Structures are given as C-alpha cells and as structure tokens.
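Protein sequence lines correspond, in order, to chains L and U.
First residue of the first sequence? That's 9 in my numbering, and the numbers climb one at a time after it.
First residue of the second sequence? That's 4 in my numbering, and the numbers climb one at a time after it.
Read the hints as simulated data drawn from the structure, not as lab findings.
Everything numeric in this text was worked out from a predicted model, so none of it was measured.
Just so it is clear, CB atoms sit at the ideal spot from N, CA and C, and this is done for glycine as well.
Some hints could be false.
[Stated by the list, open to error] Partial list, derived from the structure: chain L residues whose beta carbon lies under 10 Å from chain U:
#1 Ala42
#2 Arg95
#3 His99
#4 Glu102
#5 Pro106
#6 Thr141
#7 Arg150
#8 Ser153
#9 Cys155
#10 Ile158
#11 Val159
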Amino acid sequence: MVEQFAKTVDNGEFVARIIFSPSYVYKGRVAPTAFRWEILPSGTAEDYISVLRGDTKALDEQTKNFKARTAGDKRYGYALLSVEKVRDIGHDNELGVPTIVDVLAYPSKAHPNHAGIVITMDNNRVTALSPLTPEIMMAQNRLASLCSEIVKF
Amino acid sequence: MPQLVVTVSDHAALPLLRTAIRQLRGVEQVSIVRELKPQTNSQMCEQQKELLQRVDELQELKRGWDNNDSKAIDTIAIRKFKSAINKMTGDMLDGWVLFPEAHGYLYFDFSGNDTIAGITMTGDKIVYFIRKNGKIQKNDGIAFNTRNLISILKRVHG
Numbered sequence: 009m010v011e012q013f014a015k016t017v018d019n020g021e022f023v024a025r026i027i028f029s030p031s032y033v034y035k036g037r038v039a040p041t042a043f044r045w046e047i048l049p050s051g052t053a054e055d056y057i058s059v060l061r062g063d064t065k066a067l068d069e070q071t072k073n074f075k076a077r078t079a080g081d082k083r084y085g086y087a088l089l090s091v092e093k094v095r096d097i098g099h100d101n102e103l104g105v106p107t108i109v110d111v112l113a114y115p116s117k118a119h120p121n122h123a124g125i126v127i128t129m130d131n132n133r134v135t136a137l138s139p140l141t142p143e144i145m146m147a148q149n150r151l152a153s154l155c156s157e158i159v160k161f
Numbered sequence: 004m005p006q007l008v009v010t011v012s013d014h015a016a017l018p019l020l021r022t023a024i025r026q027l028r029g030v031e032q033v034s035i036v037r038e039l040k041p042q043t044n045s046q047m048c049e050q051q052k053e054l055l056q057r058v059d060e061l062q063e064l065k066r067g068w069d070n071n072d073s074k075a076i077d078t079i080a081i082r083k084f085k086s087a088i089n090k091m092t093g094d095m096l097d098g099w100v101l102f103p104e105a106h107g108y109l110y111f112d113f114s115g116n117d118t119i120a121g122i123t124m125t126g127d128k129i130v131y132f133i134r135k136n137g138k139i140q141k142n143d144g145i146a147f148n149t150r151n152l153i154s155i156l157k158r159v160h161g
C-alpha cells in the first residue's frame, strides 16, 4: 500500500537528506556541502534541496534500492532533520541577510514523499545557479548541524 | 653593515630572539626575514598529517562523484591548500574538517563553542564566514593564498 502524504509538510515531521557519497561524512560530521542544489540530468537547476519525508522504517525500505552514484563507490545513507528546526534557520537575522527557509512537498510518481528545502535570501530564491555566498554557506552549515541521526544504507 | 643570520626551528621563539638581539651592544636594527622551508612529513604534527591524508582522499574523487553535475576537485585548489598546510599548526587546525564541494572546490568546516565557520576554496579565491559569539565576519571573494587562509584560521581560534 502506498503511503499518503499531506500536501503541506508539518512541523512535527522529519525529512531525510540522502547522502550518496561517503566523502560527505567525516569524523561523525555531515558536510554542509551535502546540502546542495543540483543541476538535474534534464538540465534543470534545482531551486530546492531535495529531501524525503517519512519515518525511518519507510525510508529504510525505500532507500534499500538506491544505487551508488559512482561505479564502485560505497553508498552512504541519509541524515534526518526536524522540519521545525529547518524552518527556524535564518530567524533573528542570524545569517546576516533576511532569510526564509521552508520545507515544501514536491511529490513525484516514483517518490510520493519527495519534498524540498526552499531557501529565500533577500527575496531571491536560491537555486543551483546562484553564485556562492557566505550566507548560503551559513545556511548549509546550519542544515548540516541539524542532522540528528545518520542512517547508513 | 654586517649582518647576522640565525636559523630557528621554532617560530614561537622569534619575538624573544628579536628582544634579545636588540639588547646587544652595537645592534641598530633587527629585521627578521622569514624563510619558511616546506616541512617534511616527519616534521609535521598529527593534525597536519591527517589533513594531508584527507586532501589525498578527496583528490581521488572523479567527475560525477555526487551525481552527473559534480566535478573532480580543482587541482590548483588542492596544490594551494597542501602548500598552506605546511604553515599551519596543530592548534590552528583544532575543530576543522575538510569536505569536498560538488563544483570541484574544497570546503573547510569549523564547529566549536559559540563559533561556526566555513571556508570554500576554489582555484583562485576564498569565500568564507565566521560566526563567533553572534557576530558575523564574511567575505565573498578574497585571493586564495596561504596568508589569507591562515589569517582566517587564526581569527577563528583567536
């Protein structure tokens, strides 16, 4: 049975950032750079950081079929983040620029639990084409620091 | 004017040495010219060795290491960073961890009490932030050289 997900992501939920490269985890820390906006194979620049909703049991089931991105690479796992804490990033101008961080549902046929972390800074939505700035790095750092648990595949 | 050349192995001794030489009769001026020789592996502290090993690991990442849009780490960034490691000390490196960045950059991440910091190193520039006791220092592009990098590390621990 396919689990149904609400159209809005609740503050009480957790989301998982899938980490395909073991190089993103070192000395028990998750790399801030693991939270990135990708250029998809179609050429589309992501305007959110891709995550999955659901409990660890469902995520374990879903991710067991994920393949390593580099041939011969050992896969890694996923890091869990509290939606409420993600949305709290940027409050009180902590990043030095007006920032809104949200988690929105982006369900797909293959992954009905797909969602995205959307970051807007100075009224501009961050995408894979945004130039690197210290503020974006700070937001990535905060996301990495929220990883409560790293679950290996 | 006659010159005196003194070779020291511990740079921490330089201020004391300068004071001592000034007190000698006949000395008019003391100029310390630092000629830093690259350290050999056996002269490095454990943190330096570990960091070099980590750079070597990241150097192995091939294009596509994190999806199709990820690039191998820039060879100039690697060369400059390795060169800078020579000039770092164990104290400076406490709390720092090196990660790859999918554009082919190196990312140096710091986490400590009341302080977080991040340094992205491309082949030619450094983008960084330091948030220490609630105050932010940042720059979206200074030249990537050893002096600038070490200056940031010192500010984090200083």
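Evaluation of the provided hints:
Of the supplied interface hints, the one on Ala42 of chain L holds, with its beta-carbon coming within about 8 Å of a beta-carbon of chain U, less than 10 Å. Nearest Cβ of chain U to the Cβ of Arg95 of chain L: about 19 Å, over the 10 Å cut. The hint is violated. Checking His99 of chain L against chain U by beta carbon gives a least distance of about 13 Å; that is not within 10 Å, so the hint is violated. For Glu102 of chain L, the suggested interface contact is upheld, since its CB lies about 8 Å from the closest CB of chain U, less than 10 Å.
With a least beta-carbon distance of about 14 Å to chain U, the hint placing Pro106 of chain L at the interface is violated under the 10 Å criterion. Hint status for Thr141 of chain L relative to chain U: holds, with the closest Cβ pair at about 5 Å, below 10 Å. This hint holds: Arg150 of chain L has a C-beta 8 Å from the nearest C-beta of chain U, less than the 10 Å allowed. With 10 Å as the threshold, the beta carbon of Ser153 of chain L comes within range of chain U, its nearest partner Cβ sitting at about 7 Å, so the hint holds.
Given the 10 Å rule on beta carbons, the hint for Cys155 of chain L is violated: about 12 Å separates it from the nearest Cβ of chain U. Because the smallest distance between the Cβ of Ile158 of chain L and any Cβ of chain U comes to about 14 Å, over 10 Å, the interface hint for this residue is violated. Violation of the interface hint for Val159 of chain L is found here, the shortest Cβ-Cβ separation to chain U being roughly 18 Å, above the 10 Å cut-off.
Hints 2, 3, 5, 9, 10, 11, counting from the list given before, are not met by this structure.
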